[in-house]
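The listed protein sequences derive, respectively, from chains U and A.
Under numbering that gives the first Met the number 0, the first residue of the first sequence carries the number 0, and numbering increases by one thereafter.
Under numbering that gives the first Met the number 0, the first residue of the second sequence carries the number 0, and numbering increases by one thereafter.
Accuracy of the hints is not assured; some may be wrong.
What the hints assert, rightly or not - Restricting the straight-line Cα-Cα distance to at most 35 Å, the calculated cross-link-like pairs of lysine-lysine (DSBU-like) are: (1) A:K325 <-> A:K226; (2) U:K120 <-> U:K142; (3) A:K377 <-> A:K211; (4) U:K108 <-> A:K76; (5) A:K1 <-> U:K108; (6) A:K211 <-> A:K342; (7) U:K108 <-> A:K74; (8) U:K82 <-> A:K330; (9) A:K226 <-> A:K211; (10) A:K77 <-> A:K153; (11) A:K325 <-> A:K278; (12) U:K111 <-> U:K142; (13) A:K278 <-> A:K153; (14) A:K349 <-> A:K375; (15) U:K108 <-> A:K30; (16) A:K77 <-> U:K108; (17) U:K179 <-> A:K330; (18) A:K1 <-> A:K76; (19) A:K349 <-> A:K226; (20) A:K342 <-> A:K330; (21) A:K278 <-> A:K316.
To be clear, the hints were calculated from the coordinates, so they are not data collected in a lab.
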Amino acid sequence: METESDKTINSSEQPPVTDTEKWASIVGGSAMVLFGLQKRSLRGILTAIAGGGLAYHGATADKSITDKVSDAVGLNKALKVEKTVTINRPVEELYNYWHDFENLPTFMKHVKSVTVSEGGKRSHWVANAPLGQEVEWDAEVIKDEPNRLIAWASLEGADVDNSGFVRFTPAPGDRGTEVKVVMEYEIAGGRLTAALAKLFGEEPEQQVGDELRRFKQLMEAGEIATTEGQPRCHG
Amino acid sequence: MKAVCWHGANDVRVDNVPDPTILNPRDAILKVTATTICGSDLHIYDGYIPSMQPGDIIGHEFMGEIVETGREVRKLKKGDRVVVSSIIGCGQCHYCAHQQWSLCDNSNPGGALQEPIFGYSTGGIFGYSHLFGGYAGAQAEYVRIPFADHGCVKIPDGMTDEQALPISDAFPTGYMGADMCDIKPGDVVAVWGCGPVGLFAIRSAYLLGAEKVIGIDRFPERLAMAKVQCGAEVINYEEIDAGEALKEMTGGRGPDACIDAVGLEAHGTGLMGLYDEVKQSVRLETDRPHILRQMIVACRKGGVISVMGVYSGFIDKLPMGAAFNKGLTFKMGQMHGQRYMPKLIDHVLKGDIDPAFAFSHHMPLTEAKQAYEMFKHKTDKCIKVLLRP
Ligand SMILES: [Zn+2]
Ligand SMILES: [Zn+2]
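Using the sequences and the hints given, assemble the complete structure.
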């Protein structure tokens, strides 16, 4: 199947993705996704999987000379994070909770609010940034497979260009559901991983890990464990 | 309220701090009626447990009366008299569901701190450093209990504070140590350390059917308790070589199971003991594995090593060759309080054991500093101190 987005990816500087089905199977399979993504854009792959048709700037825009230079010297590396957690709840319950994006700030500490429109397809995100700043972006669901996968990407003009997917797989035995999150961040128009690190904490990897940990606590235990506000001696 | 706060190694103070409040729907607030110092609190007192912060309230073995409950608390109500597991478990994760409460996935808000060291995070513990959740401890007038329905066990009428208090931590720890030994008729169990946990391990080994239990320590009053109160044969390892003595006392076979009820501050003798002390004092080694080494060599072939004494970091020079070639089984872990507490209460009600025997001293909470010093240096024949807030 040759789609519009396949052509886009093939024409970029990066190694061509010749087989959309291959990526679909990686996303669906248990191989470490990031290993396969080291040199490729997650956004482009997700768009390819979705079969094109939507205009995602990161996947479609031609790169400028400066961007090509920063790519070459490794300055413009997007930040990719992959984390998996097993949650002792059924697939449907976890998928349904996540699918309502307005629930996400409950366990994503840096996200202040998510407002959903167009029947859940579009969403507006507001996140806390350092020094009391806020960053905002609009996102769109690229792919939605009930009880299996939700993929999204930010739209043109986002403060933080980001894309990712969450995948739900039944765990073996009576262990519940394996929940995998893969995310890619880039600052709009630019450049440095350090700036991203500032925005998403010292270690974005750990932040995603913490979010999944809180998601698990919420889904299994019904509340997020905390000690904030407990007594201690300051003297 | 008044609470015992850790300010640094060998520096605990009774400070005035705000009262705890309900922070989550499944919380309860407990008015502490009795609390005590556990041997593993001494590891904190001595500064061997990483991730303590000055001002942390300590203490994890306690009981009291429920004074407030969160909106999702189902089984408890105001006025209930309960003993509380030192280990916090959510009750809903895979581990809690399989009775491995100290491995709870959800009760440790500081779990991310553990992952680089342990690979995965374990459950939270009251007053036991930020690695274990940073929860305010129970050497205080009031304490917040997360997941209270699971951690609190109601105390039957007629059971005294002295009988109920050890069921919070020392008794289930000793009991789990014995339970992990997989005791069969005729088995001989050796217990290193005759402090409160070791004494409960001895009694528990008998409850679980051991033929003979041997207690090993160096303090005469603790050895006397092991012998008189708990029915153990005893070895003072400062007087005779424990390994040789054990062989002689077990018909040359060696103990079928060996329980470590001491942990990272084991007091070694001889060259290896000195080696560990020096490495630990310069922080090249965080734990002293002297006892582990001795247990591995002393244990019979195919026997069980059961570790209940706390280890927190790294150890070296473990005789792995001996352990491997002798086909030993290692079992260890923080105790799964919620799994054992109801059973232990039954034993007390049936008169199988009176846990009150462990307390040698009663003191007001305000004298916590003196109590820590007395317990640490085993002065005045101190075995265990009950503190009254
Ligand atoms: Zn303890
Ligand atoms: Zn749990």
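The hints, checked one at a time:
1. A:K325 <-> A:K226: Holds. K325 (chain A) to K226 (chain A) sits at ~30 Å (cutoff 35 Å).
2. U:K120 <-> U:K142: holds, 10 Å
3. A:K377 <-> A:K211: holds, 27 Å
4. U:K108 <-> A:K76: holds, 33 Å
5. A:K1 <-> U:K108: holds, 33 Å
6. A:K211 <-> A:K342: Holds: K211 (chain A) and K342 (chain A) sit about 22 Å apart, inside 35 Å.
7. U:K108 <-> A:K74: Judged against 35 Å, a Cα distance of about 31 Å means the pair holds.
8. U:K82 <-> A:K330: Roughly 30 Å separates the two Cα atoms, so the pair holds.
9. A:K226 <-> A:K211: Answer holds: K226 (chain A) to K211 (chain A) is near 12 Å, not above 35 Å.
10. A:K77 <-> A:K153: holds, 12 Å
11. A:K325 <-> A:K278: holds, 28 Å
12. U:K111 <-> U:K142: holds, 24 Å
13. A:K278 <-> A:K153: Violated: K278 (chain A) and K153 (chain A) sit about 45 Å apart, past 35 Å.
14. A:K349 <-> A:K375: Given pair K349 (chain A), K375 (chain A) holds - Cα atoms ~33 Å apart, limit 35 Å.
15. U:K108 <-> A:K30: holds, 33 Å
16. A:K77 <-> U:K108: Given that 35 Å is the threshold and the Cα spacing comes to 33 Å, the pair holds.
17. U:K179 <-> A:K330: holds, 32 Å
18. A:K1 <-> A:K76: Judged against 35 Å, a Cα distance of about 24 Å means the pair holds.
19. A:K349 <-> A:K226: It holds: about 22 Å lies between the C-alpha atoms, which stays within 35 Å.
20. A:K342 <-> A:K330: With a Cα-Cα distance of about 21 Å, the restraint between K342 (chain A) and K330 (chain A) holds, given a limit of 35 Å.
21. A:K278 <-> A:K316: holds, 12 Å
The structure is inconsistent with hint 13 alone, although it conforms to all the rest.
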